[in-house]
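Asks: First to last, the protein sequences are chains A and B.
Residues in the first sequence are numbered consecutively from 1, following our numbering.
Residues in the second sequence are numbered consecutively from 1001, following our numbering.
There could be a bad hint or two in this list.
[Stated by the list, open to error] Pair by pair, the computed Cβ-Cβ distance ranges are:
hint	chain 1	residue 1	chain 2	residue 2	range
1	A	L232	B	E1028	19 to 25 Å
2	A	V51	B	Y1442	46 to 52 Å
3	B	D1058	A	L129	56 to 62 Å
4	B	E1153	A	S105	51 to 57 Å
5	A	L129	B	E1190	22 to 28 Å
6	A	C394	B	M1331	43 to 49 Å
7	A	V134	B	E1190	36 to 42 Å
8	A	L398	B	N1084	43 to 49 Å
9	A	V51	B	M1383	40 to 46 Å
10	A	C394	B	N1084	23 to 29 Å
11	B	R1026	A	H78	34 to 40 Å
12	A	L232	B	N1138	26 to 32 Å
13	A	A77	B	M1383	34 to 40 Å
14	A	E28	B	E1192	35 to 41 Å
[Claimed, not checked] In the DSS-like style, the derived pairs of lysine-lysine whose C-alpha atoms are separated by at most 30 Å in a straight line are:
hint	chain 1	residue 1	chain 2	residue 2
15	B	K1082	A	K181
16	B	K1181	A	K226
17	B	K1222	A	K217
18	A	K181	A	K222
19	B	K1217	A	K217
20	B	K1141	B	K1082
21	A	K222	B	K1082
None of these hints come from the bench; they were simulated from the model.
No residue lacks a Cβ here, since even glycine has one placed at the ideal position from N, Cα and C.
Chain by chain, the residues run as shown.
Protein chains: 2
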Amino acid sequence: MSDDTLHPPSNERGQADTAELLEEVREEGFSLSDQRIRDILDALYEEDVEVLRTLLYDLSDADIAELFGKVNNEERAHFFEKFNDIVSPYVYWHLDSELRDEILSALPASSVAQIISELDSDDALDLILDLDPVFQKNILKHLSVKNRTALEEGLSYPEDSAGRLMQREYVAIPQFWTVGKTIDYLRAAEDEIPDDFYGLIVVDPYYHVKGEIPLNKLVRAKRSEKINDITLEDIHLIPATTDQEEVAHLFRREGIGSAPVVDEEGRLVGVITIDDVLDVIDEEAGEDILKMAGVEEGDMYRAVLDTSYSRSRWLAVNLVTAFMAAAVVSMFGATIEKVVALAALMPIVAGMGGNAGTQALAVAVRAIAMKELSDTNAVRAIMKEGLVGLINGCLFALLVGFIAAWWFENNILGLVIAMAMVINLISAGLFGAGIPIVLNRYGQDPAISSSIFLTTITDCVGFFAFLGLATLFLG
Amino acid sequence: MSDDTLHPPSNERGQADTAELLEEVREEGFSLSDQRIRDILDALYEEDVEVLRTLLYDLSDADIAELFGKVNNEERAHFFEKFNDIVSPYVYWHLDSELRDEILSALPASSVAQIISELDSDDALDLILDLDPVFQKNILKHLSVKNRTALEEGLSYPEDSAGRLMQREYVAIPQFWTVGKTIDYLRAAEDEIPDDFYGLIVVDPYYHVKGEIPLNKLVRAKRSEKINDITLEDIHLIPATTDQEEVAHLFRREGIGSAPVVDEEGRLVGVITIDDVLDVIDEEAGEDILKMAGVEEGDMYRAVLDTSYSRSRWLAVNLVTAFMAAAVVSMFGATIEKVVALAALMPIVAGMGGNAGTQALAVAVRAIAMKELSDTNAVRAIMKEGLVGLINGCLFALLVGFIAAWWFENNILGLVIAMAMVINLISAGLFGAGIPIVLNRYGQDPAISSSIFLTTITDCVGFFAFLGLATLFLG
């Protein structure tokens, strides 16, 4: 990193590098390109170690993790066998958790302990969190007392809590110091304080948090100034048991870069920085998309049988609701036998209701996740969806009614499907917004089961309204 | 902020505050509670200005924005009329963009210019981005030359690009300075440099980026050290035209806190920090959930008619595919007339296909967004989904086949629905993964139209397979 001369070589190199880098980013983005992966795999198959070393040389840990995520199991095993030395501890950390657990579980506990001991406390915790509890204990046995204690403490906090998210490495200073003394301490205590930190936490003798000092304030202060005088007291304390979603909400809302975590007595135990929150937001947002579709996190890296099994549960629940809808249809068998066009048209009524309901559902689920929707505006939100359902119901009733009447040359059939469409779109709107709101109110996850309830309702209401009205007017 | 004595009063106050704060966070999280909003609205209706001022006194800008997002239009207008002074420029910035545009558009251009001139350049850009172009120009006219130039430059970058995201406020220093000179500069140039900054960018005389110095390195360095010697050269340059999704990917991938943005010649033009990226990730993840359901961003805050109109387009497209499915069903009218049980069972086949396909679709959309899925593993991902479809298809074929045979006392009907189920779940898996992959490959958004294509296929294949096989074996 250091350089004896001032401008020369690094300057020229820099220029050429920059042009090349910009070109690369424009073409490929910041990912590992598929072309590069192909080249690496070709070299692997040809066992051309020389070329491979060149190709792997300038890859970052994240690159190598991406490579391992995209190649198949055999190729990955091949890499681990031949190029074990390029797999740094942070490569494991970058891997998708499902894939990582699979790889780590195959290693001896002592090797995993070795990997873990080279990571920061919060990253180490990430790594062993989802491993088998027995294996976890074995790994802990191989760690130094200090590392083991830190991890055990982390594991003692509830899942997805601030205590699991926080770093135990931070810089805390007493309020009665001066700026000069603080800077001298930072220079002298290089071994005790973390490599990276963005601010100082000011504490009293009982480790109660008094405030924070961003580094840019410290740099600009005079050596004689008192810490107490430059401390920002407007801080956001996070109780260690706070749910990570709530933590993400705090950061997003207040635009802060880091916040101290405290125990039940208000004593400082760690610090959460915005980069930890980035992972949480990614995770939670991704979870919602997957949950609404009935898939578990990590599905992408699971083996075929595991995937099939985990998805089959959702499909089984859906099957029950599908049979409920079928039961509704079968009540009207006689009418369908008489007017067979009903069989062709009934999926339209149910399907349009399902789609309109899903629109309302997605908006409500997202608004709840972003804390934009709570008791205050819940009734208004549901009423709005009912109105939107009424308006679009009338619009599509007209459209579908005319098409149906013309297609099957039956005006009453057109009238019947139009009425059913209005009824189903209103109920789709009301329930699409209402179901996640009610689930959330009673402490349930609004994303996970809303869509099952919703399609049950839009199918049953749609079929019942359409076939029931048809029985009345056409039967 | 400053305090003459060292420990005393702030200490005791601090203790009580902490206990209270922790209690509050545990009960309410970091949001404005519904109870508080109710109290505020009650005071507003009773026109009790005294109580209102007390209730509004300690709210942050984010709190007030949350309040405005949750009350209805009349109540909000009331607030703006009576308590205009509590609405700071950053309250506008915190508001949902749809709601904000509505409020700003009702103000005179000069007032908006006033609001904007008090924000950081990137936040100011956020604020006027989606306003009507004519109104935008009017606002720009009311700004100082410096502010106008900054905004016009920002607007000149493509939508959703790094250039729009970046801050123009940063601290750049020449490589030949010493640590001492740098610190003296930071102290002296207080007016020229931003209030908050997390690191220094080291540049050559042509403003080409040479590296970065995190503040914690600067604080710990000796005054006599050369800047060149403590510069980290392993930096990630972002071209100003890079898409914001790509920028988010870089931050997520490399775990960095900030990165310099450069123009086409590689000259420094701004800096992107991780908090800007937080917003992008939130936005993109939210967009995917909404897009998959066919809703536009900001839907929650739109008026009923606007909402109905914007959603009707998606429903109209769905209607076309619904009629295609109806056409498939109507081909088999004669068979349904003979075996009316088919009408009751056919939604089961189509529905299970739709659900299984949506599972595969959500996994693929999410994996593409996270850059875990590209050419290298595309074929493998599709084949896996086909296999999962085969396995779950067989499982549910068995189940549904037996139930159908028993329900309608018709073994051949059970066999027919079983075969149709296997066919439809395999095709659901293949297309569920395949459609977003192909869309992405040809530069289309994989989230937005995938589900339309998918349900068209699962409906048509499901109905055709089931009713076709029924015609063969039961017709």
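Asks: Against each hint, give a clear statement of whether it holds in the structure.
Replies: Here is how each hint holds up against the structure:
Take A:L232 and B:E1028: their Cβ atoms lie about 23 Å apart, and the range 19 to 25 Å holds. A beta carbon spacing of about 32 Å between A:V51 and B:Y1442 contradicts the range 46 to 52 Å that was offered as a hint. About 38 Å separates the C-beta atoms of B:D1058 and A:L129, a value inconsistent with the hinted range of 56 to 62 Å. At about 53 Å, the CB distance of B:E1153 to A:S105 agrees with the hint of 51 to 57 Å.
Under the hint 22 to 28 Å, the C-beta atoms of A:L129 and B:E1190, about 45 Å apart, miss the expected range. Between A:C394 and B:M1331 the beta carbon distance is about 31 Å. The supplied range of 43 to 49 Å is therefore violated. Roughly 58 Å separates the CB atoms of A:V134 and B:E1190, a value that falls outside the hinted 36 to 42 Å. A:L398 and B:N1084 have their C-beta atoms about 45 Å apart, which keeps the hinted 43 to 49 Å range intact.
The beta-carbon spacing between A:V51 and B:M1383, approximately 29 Å, falls outside the hinted interval of 40 to 46 Å. One distance hint, 23 to 29 Å for the beta-carbon pair A:C394 and B:N1084, is violated here, with the actual separation near 40 Å. A hinted range of 34 to 40 Å for the beta carbons of B:R1026 and A:H78 is inconsistent with their spacing of about 51 Å. Checked against the given bound of 26 to 32 Å, the beta carbons of A:L232 and B:N1138, roughly 38 Å apart, lie outside it.
Here the CB-CB span from A:A77 to B:M1383 is close to 20 Å, at odds with the stated 34 to 40 Å. Roughly 37 Å separates the CB atoms of A:E28 and B:E1192, a value that falls within the hinted 35 to 41 Å. Proposed proximity of B:K1082 and A:K181 is contradicted: the alpha carbons are some 50 Å apart, above 30 Å. With a CA separation close to 23 Å, the supplied pair B:K1181 and A:K226 stays within the 30 Å bound.
As the CA atoms of B:K1222 and A:K217 are separated by approximately 18 Å, the hinted pair is consistent with the 30 Å bound. Restraint check: the Cα-Cα separation between A:K181 and A:K222 comes to about 11 Å, which is no more than 30 Å; the hinted pair holds. Proximity of B:K1217 to A:K217 is assessed by CA-CA distance (about 15 Å); at most 30 Å being required, the pair is judged to hold. Proximity of B:K1141 to B:K1082 is assessed by CA-CA distance (about 29 Å); at most 30 Å being required, the pair is judged to hold.
Restraint check: the Cα-Cα separation between A:K222 and B:K1082 comes to about 44 Å, which exceeds 30 Å; the hinted pair is violated.
Going down the numbered hints, you'll see the structure goes against 2, 3, 5, 6, 7, 9, 10, 11, 12, 13, 15, 21, while the others check out.
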